[in-house]
Amino acid sequence: MASVSVRAERPRGLLRRPTATTGFWSWFTTVDHKKIGILYGITAFAFFIIGGSEALLIRLQLARPDQDILSASVYNEMFTMHGITMVFLVVMPLSAAFFNYLIPLMIGARDVAFPRLNAYSYWAFLFGGLFIYSSWFLGGAPNGGWFGYPPNATVDPSLGMTFYSLGLIITGIASTVSAVNLAVTVINMRAPGMTLFRMPVFIWMGLVVQLLLAFSLPIITIGLTEMFFDRRFGTHFFDPAAGGDPVLWQHLFWLFGHPEVYILILPAMGIVSEILPVFARKPLFGYQFVVFSGIAIGFIGFGVWAHHMFAVGLGPVANTAFGISTLIIAVPTGVKIFNWLGTLWRGDIRFTTPMLFSVGFIAMFVIGGLSGVTHAVVPSDYQQTDTYYIVAHFHYVLFGGAIFGLFGGIYYWWPKVFGRMLGERVGKLNFWLMLIGFNMTFGPMHILGLQGMPRRVQSYPESLGLSFWNLVSSIGAFLIAVSVLIFLVNAVASFRKPKEMEADPWDARTLEWTTTSPPPEYNFDEVPVVHSLDELWHRKYSQTQGGRVVPVPAGGSGEAHGGGHAGGHGIHMPGPSYFPLIAALGLPIAAYGLIFNWWLVGAGMVPVLAGFYGWILEPSAE
Amino acid sequence: MEIHAQESEHLATSTGLPNIKLAMWLFLASDCMLFGALISTYVLYRGASVVGPYPNDVFDIPYTSVSSFVLLASSLTMVLALAALQRGDVGRSRVWLLATALLGMTFVGGQVYEFTTFAHEELTLTTNLFSTSFYVLTGFHGTHVAIGILMLLTLLMFSFSGRLGPEKAETVEMVGLYWHFVDIVWIVIFTVIYLIPTGNPA
Amino acid sequence: MRRKTQSALGLVALIAVAAACAPNATQSALEPAGPYAQKAHDLFVPVFWVAAVIFFVVEGALVLFAFRYRHRKGRDGIPPQVHGNTRLEIAWTILPAVILAGVAVPTVAGIFELARDPGPSALDVRVLGHQWWWEFDYPEQRILTANELHIPTDRPVYLTLCAVGAGYEGAPTPSECQPGAPEGAQPASLGAAVIHSFWPPELAGTQDVIPGRVNHMVLQADEPGTYEGQCKEYCGLSHAYMRFTVVAHTPEDFERWVAGQQAPAAPPDGSAAEGLQVFLEAGRAGCTECHAVAGLRDPSGEVIRGSNNAPDLTHFASRECFAGCMFENNDENLRRWLDDPPAMKPGSLMPAYQLSAEQIEQLIAFLNTLE
Chain A
1 MASVSVRAER
11 PRGLLRRPTA
21 TTGFWSWFTT
31 VDHKKIGILY
41 GITAFAFFII
51 GGSEALLIRL
61 QLARPDQDIL
71 SASVYNEMFT
81 MHGITMVFLV
91 VMPLSAAFFN
101 YLIPLMIGAR
111 DVAFPRLNAY
121 SYWAFLFGGL
131 FIYSSWFLGG
141 APNGGWFGYP
151 PNATVDPSLG
161 MTFYSLGLII
171 TGIASTVSAV
181 NLAVTVINMR
191 APGMTLFRMP
201 VFIWMGLVVQ
211 LLLAFSLPII
221 TIGLTEMFFD
231 RRFGTHFFDP
241 AAGGDPVLWQ
251 HLFWLFGHPE
261 VYILILPAMG
271 IVSEILPVFA
281 RKPLFGYQFV
291 VFSGIAIGFI
301 GFGVWAHHMF
311 AVGLGPVANT
321 AFGISTLIIA
331 VPTGVKIFNW
341 LGTLWRGDIR
351 FTTPMLFSVG
361 FIAMFVIGGL
371 SGVTHAVVPS
381 DYQQTDTYYI
391 VAHFHYVLFG
401 GAIFGLFGGI
411 YYWWPKVFGR
421 MLGERVGKLN
431 FWLMLIGFNM
441 TFGPMHILGL
451 QGMPRRVQSY
461 PESLGLSFWN
471 LVSSIGAFLI
481 AVSVLIFLVN
491 AVASFRKPKE
501 MEADPWDART
511 LEWTTTSPPP
521 EYNFDEVPVV
531 HSLDELWHRK
541 YSQTQGGRVV
551 PVPAGGSGEA
561 HGGGHAGGHG
571 IHMPGPSYFP
581 LIAALGLPIA
591 AYGLIFNWWL
601 VGAGMVPVLA
611 GFYGWILEPS
621 AE
Chain B
1001 MEIHAQESEH
1011 LATSTGLPNI
1021 KLAMWLFLAS
1031 DCMLFGALIS
1041 TYVLYRGASV
1051 VGPYPNDVFD
1061 IPYTSVSSFV
1071 LLASSLTMVL
1081 ALAALQRGDV
1091 GRSRVWLLAT
1101 ALLGMTFVGG
1111 QVYEFTTFAH
1121 EELTLTTNLF
1131 STSFYVLTGF
1141 HGTHVAIGIL
1151 MLLTLLMFSF
1161 SGRLGPEKAE
1171 TVEMVGLYWH
1181 FVDIVWIVIF
1191 TVIYLIPTGN
1201 PA
Chain C
2001 MRRKTQSALG
2011 LVALIAVAAA
2021 CAPNATQSAL
2031 EPAGPYAQKA
2041 HDLFVPVFWV
2051 AAVIFFVVEG
2061 ALVLFAFRYR
2071 HRKGRDGIPP
2081 QVHGNTRLEI
2091 AWTILPAVIL
2101 AGVAVPTVAG
2111 IFELARDPGP
2121 SALDVRVLGH
2131 QWWWEFDYPE
2141 QRILTANELH
2151 IPTDRPVYLT
2161 LCAVGAGYEG
2171 APTPSECQPG
2181 APEGAQPASL
2191 GAAVIHSFWP
2201 PELAGTQDVI
2211 PGRVNHMVLQ
2221 ADEPGTYEGQ
2231 CKEYCGLSHA
2241 YMRFTVVAHT
2251 PEDFERWVAG
2261 QQAPAAPPDG
2271 SAAEGLQVFL
2281 EAGRAGCTEC
2291 HAVAGLRDPS
2301 GEVIRGSNNA
2311 PDLTHFASRE
2321 CFAGCMFENN
2331 DENLRRWLDD
2341 PPAMKPGSLM
2351 PAYQLSAEQI
2361 EQLIAFLNTL
2371 E
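Chains as they are written, first to last, in the working numbering: chain A, 1 to 622; chain B, 1001 to 1202; chain C, 2001 to 2371.
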């Protein structure tokens, strides 16, 4: 990556604004959306390994009946941390990695609206995750379930759930700030000619996700605050003895929690909507319907939350209302499947690894979606809820859906980001092993749930007849682990290859493939002018009178732009900065202070204030 | 070819609105949900406290009305500060910014006094459901006001060092948006919590 | 793609066979044994089959297209760039909506049917969820028991669900959750009052048991027998060990059981009398600090009052399981339990009393008299 020259600055105060955009330390001061995207990706993947290991321990404990490999206390921490990790520290930041890297590139912008704020979001996320994990060493990890229902979560004597409430507030701040940043970027920084309906579907899904984040995170922030206050200061928000209602937490949690699951799945749906057309060599079938269904899911998603609470006793009227709204939301969700099928129909399909993951996504998401519909049959849900049948459902949509889609995205955009391809043969092995292992792990859980296995149980007795499928499931989990290892091998091996990737190795359709692989810091030599949806495709191909699709003659605007000669163009990008990291560092320090020592809260406020003042006072790179 | 891709909002944008303005509106919409959740908690727990003191025992409506008026007035001075800056009157803008900050501090001071009075009347954070939901809600609001005061004082600091000229009116406008939001939230809180009568439990 | 088809079909067949067989499953929602569970089952099965059909159609199309439209060597043209088909898309939006509307109607009917009060013929039982065991209070019959819910087969059983535990003293416990028998019992204060969920899948779907709220559910068994269940809402260390059974009797047998439970305990003699001594003296204040045994007197002639922090033991020997139905009620299990309860059950609120082996034998002899 060419270094962009920035005139040396008069130092203001103690810290001279850094200038280096390459080298190890540049990663700590970077405000480049691409580097931040890579940081999110690496961190999320590290948490994926950790969360996956937690899952393996759980499956080890449940492989046979009546085992005591993990004590009840450790087991409860294990499934709690597995849930927290996978939802908040893996899928959300992995999606953020894609959004950060790709949004400016796909809309023809040079960076996001607020580059330093972008860096701040990453550091706050990292520190929040580390803060939660530090609890293992500081009084016990969270053990009240990822959903943290009081009174159990508020009366638990270990410190774990206090770490939970504060840690998720920190990561919530990171996500909210990022949501505002990316939403403004999409709305306001599109290249000339890129109207809303010429945006790639991935961008649309990204916009809906940012808005869902912005409107749902505050609700759980309040829930977490109330839980923190109950635990730390003895308030009575969820204290039935004082007239408080534990169900209030459930409402607050799920008012966030349900939009959250759409936050988790829409990015992967966006990715798949980009990959399928490229490898089927035809456009997404029904672009507008797919966009509108994404928007519809965003809105309706705020109206279904109590379907997580059917057995709480809200009454038949409430249960009916939410049962019906849940059935309604199945429509825009399901419709997309048909659009994807329509994309494959009469295509010229090449089964590269990204394509395999995308087709796998569709196959697995259909299963998860259908089991979801059965949950909406409320009287039957009284049997299904809190059993492994539900565990099966959400793993099919979150792993078979979101993770598969994200892996597809990793394989697809890897050459753009790193300038090399991931190995195809190893990639296919990765995919098939993961598909088989995944189905072996979670398929049987449908049966286990219906046959009487509740969730969150440390063990089950032999007499319940659940042993066989639990064993199968545990074996499957280890197969998944092997497939992830294979991916890691693939990733490491790719860096041994020379970095000589063309701009558009896949013959793709969207703007990020017009610039070099990897892109220069300023993304594009010239900001592209957009004339249609799938702009790149239309620059490369046109239709003859007879309706045949033919390449545009060579010398057209399909050549890659950007590259080594850019350095002297004088494109000035925002300079790096220390202050986002400093400002973010204050958050965990203050959080430790809230738990252990009030002086630390003050100490935490110092980097927060210093960080923000430094930030607004530092000269911009001019 | 000089292309500036920096954090100023002077580039052409797809909507014509500056990025910072769009961002502030989105952030404020998000903040609405925050206060919505807190106010909902309060309303849900109305009349559910098992022990007193209850709202009617401690509220001093005339006092809080004056305090609310002070905050309302500060929104006016905020508008005046922005207008002054926009027409180039930096000196006047300083006066009105200072006035806004002082009125804000008066409001916060008034709240502190009010809460100490409540504490003397045996209403502390953990006394009952009413105290729990009341103090956390008004505490969040008070924190928002305090952050706003900090921003105003920062603007004043910039102004006195000559860095807040009319070209920076947009920044003042953003702080103003935030300030007005905080004021509107208070109007809702004052109405829902203080003004709407709630009978004490039997 | 053939391999993918085959493996997919094989997997589905395996699941279908296993689900249909349901070998030793004794707590299965797929084996309804009463009208309320049957209702849930009758709604699930048709929807499942509709979902299965949709599954085969969609996955089949996916596999078909993947196979049929795969790139073949020598065909290098670009396919026609079809952007969509509005009429088709509207159709495939309306069709699922219609199917789901079809699902909605019986669903809503089922919701209201299951919420209906079963009427005055129902047997009233109060279910109290403690950490980590189930207490059953029959207000009309004035019986208090634990771990086993005995019911007659000839009428519905109307359950009032209450979560109890520490923090409730003097608190607004809902009136339906106030303790009933025995006379003058205090609200339980051992363990935290947390959310539980009462789940006997063969007889009914769950309802949650939430502190500060009162929930209701109805169940009924078609045939006499033993039906298993357990807590379904994560409630702490021994969530997995908060089990129970529902024992359904013919109406006559049920009356006999009621009469037996209403009788006070008989005064023990021999080794069992020594066991009563241990019972009264273990630890600081004896087992009666948490347990109760109705109808016995201590050596000085005072009626023994206990507490309902822990299961009522008056008819302990008539029960098949103990410790939240974790263990079968036999001497060997009792021996290990009485020696060190926390080692047997995570987080057990019953401490180890450092009893000698002889004391344990006497205690067991005493407990065995409590039919």
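Honestly, the hints are just simulated from the structure, not real lab data. Just so it is clear, the structure is predicted and the values come from calculations on it, not from any experiment. Any given hint could be a false lead.
Using 30 Å as the maximum straight-line C-alpha spacing, the simulated DSSO-like pairs for lysine-lysine come out as follows [claimed, not checked]:
# : chain 1 : residue 1 : chain 2 : residue 2
1 : A       : K428      : C       : K2073
2 : B       : K1168     : B       : K1021
3 : C       : K2073     : A       : K497
4 : A       : K497      : A       : K428
5 : A       : K428      : A       : K499
Check each numbered hint against the structure and report the violated ones by number, ascending. none
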